[in-house]
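Peer 1: Residues per chain, in single letters:
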Amino acid sequence: MPEITRDEVAHLATLARIDLSDAELDHLAPQLSVILDSVASISEVASADVPPTSHPLPLTNVFREDVVVPGLTAEQALAGAPESEQQRFSVPRILGDEQ
Amino acid sequence: MSAQTVDLLSFEETLEKYDPALGLEVHVELSTLTKMFCGCPTEFGAEPNTQVCPTCLGLPGAMPVVNRKAVEGAIRIGLALNCQIADWCRFARKNYFYPDMPKNFQTSQYDEPIAFEGWMDVALEGEDGEPETFRVVIERAHMEEDTGKTLHVGGATGRIHGADYSLVDYNRAGIPLIEIVTKPIRGAGERAPEVAKAYVAQLRELIVALGVSDARMDQGSIRADVNLSLAPRGSNVLGTRTETKNVNSLRSVERAVRYEMRRHAAVLSSGGSILQETRHWHEDTGITTSGREKSDAEDYRYFPEPDLVPVAPSREWVEELRGTLPENPTQKRARLQAEWGFSDLEMRDTVGAGALLLIERTVAAGTAPQAARKWWLGEMARRANETGTEIDALGVTPEQVAAVQALVDAGTLNDKLARQVFDGLLAGEGTPDEIVAARGLAIVSDEGALSAAVDHAIAANPDVADKIRDGKVAAAGALIGAVMKEMRGQADAARVRELILEKLA
Ligand SMILES: [Zn+2]
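Top to bottom, those sequences are chains A and B. Heads up: take any position in the first sequence, counting from 1, add 37, and you land on this note's numbering. Heads up: take any position in the second sequence, counting from 1, add 1272, and you land on this note's numbering.
Since the hints were made in silico from the structure, they are not lab data. Keep in mind the model is a prediction, meaning the values are calculated, not measured. Check the hints yourself; a few may be wrong.
Taking beta-carbon pairs under 7 Å as the criterion, some of the chain A residues facing chain B (in silico) [claimed, not checked]:
#1 97
#2 100
#3 101
#4 108
#5 122
#6 125
Beta carbons: idealized from backbone N, C-alpha and C, even for Gly.
Between the sequences and the hints, there should be enough to build the whole structure, so can you do that?
Peer 2: Okay, structure coming up:
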């Protein structure tokens, strides 16, 4: 059964930009292992005639036509932004990613 | 990144020691009316954040739906590149944190691209001037969405908690993109920079012919990333590669490949090793600098997009789209050369200047091929060169060139006056006819005025007139010049010559 290590959880937390303390890592790593185990047990039930799926409905080719639909005004779009300037979303400096 | 002096090996020495392997990733922004997953418009240059909705802003609960026209565009590009089209494929989430993607993931395709295993024969000029082709193998073409545009404000203070911040416009976020990836291109040797440029040029031509994108490098609707690695000559061992981004003109594709080959060679031959990283191309200085290193930050954790159902193009649909493909560019070039009666050299210059489609449209609008070639490769190429733009971004359309040439053919304008009409066109003064009228450019066809000007010129230059009377017809040039001056250029030089010779016969 897959066991997720504390280091892996720390790595995932970094990727997801979640700041976890040592105590939280100690607490969460075993919990996540249990969850993974539970999910893995599904593959024991699935036999060869059950294909893997990424969607609950057996649909394909759901398309829209290339027709413009009115969206939001800039004012509406920016309404939820903590900060804006020049009709643009203002975001903190992007660290370590100089262009 | 700090600017450093970088050692480069000479191109010759680079080739003595190493074999290059190239990989090209070209992103094409489709010219659909709406975005990939929502109905927002895609017009270039709109006011910031006026072409957005909950879906492309990644607001909670918004659901994407695939644009059929974009899938068609992807399939047609795939078919034109001799690819196989997937029976069934999915979108995937590419997870990363960068504010140009409000969802914190880009909807892309991962291991199930819509098109795969294709090729394109790239036309090169052989050593003896004979045409030669180099086959570039296409690994895949997949569908994804463009990102927003970021504006960085404030100077670098060197401190993390400085006053610097960025402003984001999401109008471009979600515009359909097709990413076309080649397999490693090997065996090109000294021609690697040329192959890279020719591939992107020909791909661009193909995209334009398909009508799926305006493929403007200067506006970013087609963008190239150049992957390069070197192997010790004859070793067949692929070295570490770098990925150079921001290569936004055909000329830069060639220069960037050449530069990275020489830089890698200098590092490797002095015992160093190449860092696998993203590099940025600088158009002005012609160098690349280090960007972010490939690291944990690029662990994208792809997984199938749960909000979209798979795309499973029926074979009937694929064949229907195959029926809409334009003529293959290589065959088309051969056909046009025959139709236009261009020499190999003229044809090569035409293609090299990126004027093929412009001349085709000008001819379609009624201009003789040689006249069309003369305007685009002469006057327009000169103006583009002066202003540092591409010839098709100059602002003069093939239809306008045809209208001006029609005025020349009708005897209303000579070439010199025609050039003033182009000045007027670029200054937005209206149609060629309006400009001729407003600027008073038409050739004077009043024989009386012309005859009087010829008489003046003869009277003012009696010695020249005597020479012509003695049969030295070549001397007429001096009198033609004098007449044209009096007529302010607005005379038909051939008619002036006729009049001079008649009067001095
Ligand atoms: Zn939208």
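Peer 1: Give a verdict on every hint.
Peer 2: Here is how each hint holds up against the structure:
1. Contact between residue 97 of chain A and chain B, as hinted, is supported at the beta carbon level, the nearest pair being about 4 Å apart and thus within 7 Å.
2. At a threshold of 7 Å, the smallest CB-CB gap from residue 100 of chain A to chain B is about 4 Å, leaving the interface hint in force.
3. Taken as an interface hint, residue 101 of chain A checks out: its beta carbon lies about 4 Å from the nearest beta carbon of chain B, inside 7 Å.
4. A distance limit of 7 Å between C-beta atoms decides the matter here; for residue 108 of chain A the minimum to chain B is near 3 Å, and the interface restraint holds.
5. Annotation: interface hint on residue 122 of chain A holds; nearest CB of chain B at approximately 6 Å, less than 7 Å.
6. The interface hint given for residue 125 of chain A is met, as the beta carbon of that residue sits about 4 Å from the closest beta carbon of chain B, less than 7 Å.
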